[in-house]
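Go by the hints and put chain B onto chain A.
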Amino acid sequence: MLEEPREEGVSIHTGFPNPALDKSLDNLDLQQLLIPRPISSFLFRIAGDQWENAGIFNGDIAIIDRALSAGKQDIVVWWDETAGDFGVSHRKDMPEASTMWGVVTATIHQLRSPL
Amino acid sequence: MKPVFALVDCNNFFVSCERVFNPSLEGKPTIVLSSNDSCVVARSNEAKAIGVPMGIPAFKIRDMLRSNQVVQLSANFELYGNISKRIVAILTHITPRTEVYSVDESFLDLSQLGITDYTAWGKEVRTRILQEVGVPVSIGIAPSKTLAKLGAEQAKKQLEFEGIVNFFGMPPHTKEQLLHQTPIKSIWGVGRRLEPRLRAEGFGTARQLAAMRPQQAQQTMGITGRQLVSELNSISCHGMESLERVTKSIMRSRTFGEDTNQAHILEAAIASMATRATHSLRTHGLLARHIGFFVDTNRHKPGFRRWNYDLHLDMPTNDTGHIISLLVAKISDFYNPGHRYHRLGVYMDDFSPAFALQTDLLGYVDTAAHDKSQARMQAMDAINKRLGRGKIYFAAEDLSKSWQPKRTGQSPRYVSNWNELPVATIKG
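These protein sequences, in sequence, are chains A and B. According to the working numbering, the first sequence is numbered sequentially starting from -4. According to the working numbering, the second sequence is numbered sequentially starting from 19.
Among the hints, a few may not be true.
Covered, in the sense of this in silico footprint (three residues per stretch, anywhere, with C-beta under 8 Å from a C-beta of chain B), are these stretches of chain A [to be verified]:
1. 34 to 42
2. 45 to 53
3. 61 to 75
4. 79 to 87
In silico lysine to any residue, SDA-like type, Cα no more than 20 Å apart, as pairs [unchecked claim]:
5. A:K67 x B:I444
6. B:K141 x A:A62
7. B:K445 x A:L38
Incomplete in silico selection of chain A near chain B, CB under 10 Å [to be verified]:
8. I56
9. A57
10. P90
11. T94
12. W96
13. V99
14. A101
Hints were generated in silico from the structure; no laboratory data involved. It should be emphasised that the depicted structure is a prediction, and the values quoted were computed from it without experimental measurement. For every residue, glycine included, the Cβ atom is placed at its ideal position computed from N, Cα and C.
Bound conformation, chain A alone (with noise of 0.2 Å):
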């Protein structure tokens, strides 16, 4: 067994070397799926239930990207001015008194949170 110099404390053990040591490289890459332009993707947390009808859930994280042009069926976020918040609704429900923010292109809903 090797022991690698101390960095910061933290000693990290190698055995013998795996000859295919970024096999986790060949999976499948969600990011790949989800968040195909990561410059102009962030992420959101969605909050309240009313929503659930429709597979979304409180707690759910949501895909925005900045970089598409919403259509009027898009669910939207946006700057809400009245209340000083995010809202998150259909383009076509967005309040007078609000800014696009970005274009919800998917939500992650967990049944378990590995955290």
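Frame of chain A, contents of chain B only:
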């Protein structure tokens, strides 16, 4: 090819980053304070208008801040770093000839892009960054870096330019006026040291400096001063520095816990050192064409020996697995169980940029080596280290409540902590 430079400069960068996730700050005088000494490190336009000076310790202007209801935020460098990387990514997609000058400024070499209308190009870039990342930028486009920087500065100050100052095709009197409106202290390269000397000799504006005789410039400011005057007169003296500035070579080495004659331990060491070296390559956005490793016996023991293996690759790479397999294959060339190996190192050089591979957010060029940027990056690292421990998290149960902007303190780590993501409330 005639030189064409653009400087893309983020407006009030730290404040703009805060406004992306907290639009309620829009229109309010806002300042960002450094975390350690609480000095002003960024000001919104409203704060500038009130007269908040840059760099001043906040306690010295407490009354001014209070009476004007200035919002004070502690620097959130994780957020600024993330937003900065996104902008750099957009720019390097436009051209790999991008020099990241600091966390909020990049030079682009436009000479080879075949652009016919630089102003239209600048507007497009500006719109794209504003839409995709949410940060307003100012752009100066000119035949020299000094003029590009001056242009971006004026584009920020004079709203009628709509964020773009393009010196190409600019009427001479407009250029004269721009130079006239630029005090020498805001010229790139005129430091605090030079300013009083130039003023004493009667040079107060960029226009006056541009008219300085070359000999006099050299006498007063040395060769860099002579270049400065040339640059103001559209003669480029400073090229792109990004590629020259980045790391020239990477080496990762390790001394074994005890001297070994085991081949598998050498393999493991190569794999581990190559993994770390290639990680570094990728974070610099580089590919290596020359890779190699060395193995030593203990130099303090009799019979000290060193073996070196070099490989010149046809295709530059930063692929960890590929590099490991190439290097490990060389072990049999020298391996002899009669030797006691003491130390092993993997090195790489002959770099080229990996722009074509930049599809994830981890691999962007991070070449900023300038003083200003270094100071900021050091501060950022220090703060990240400190926040890594003991920072209070927003409890998951509180997610239903929107985050309430605070008067002071640090904004949440919107883009770097799962527990601090911005919240969107269902309204519809």
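Verification of the supplied hints:
1. 34 to 42: With 8 residues close enough to chain B, the hint holds.
2. 45 to 53: holds (count 4)
3. 61 to 75: Since 5 is at least three, the answer is holds.
4. 79 to 87: With 7 residues in contact (Cβ-Cβ under 8 Å with chain B), the coverage given for the region 79 to 87 of chain A holds.
5. A:K67 x B:I444: holds (17 Å)
6. B:K141 x A:A62: Given that 20 Å is the threshold and the Cα spacing comes to 16 Å, the pair holds.
7. B:K445 x A:L38: With Cα atoms ~18 Å apart, B:K445 and A:L38 stay inside 20 Å; holds.
8. I56: holds (7 Å)
9. A57: holds (6 Å)
10. P90: holds (8 Å)
11. T94: Holds. Min distance 6 Å.
12. W96: Nearest chain B Cβ about 8 Å off; hint holds.
13. V99: For A:V99, the interface hint holds, since the closest Cβ of chain B sits about 8 Å away, which is under 10 Å.
14. A101: violated (14 Å)
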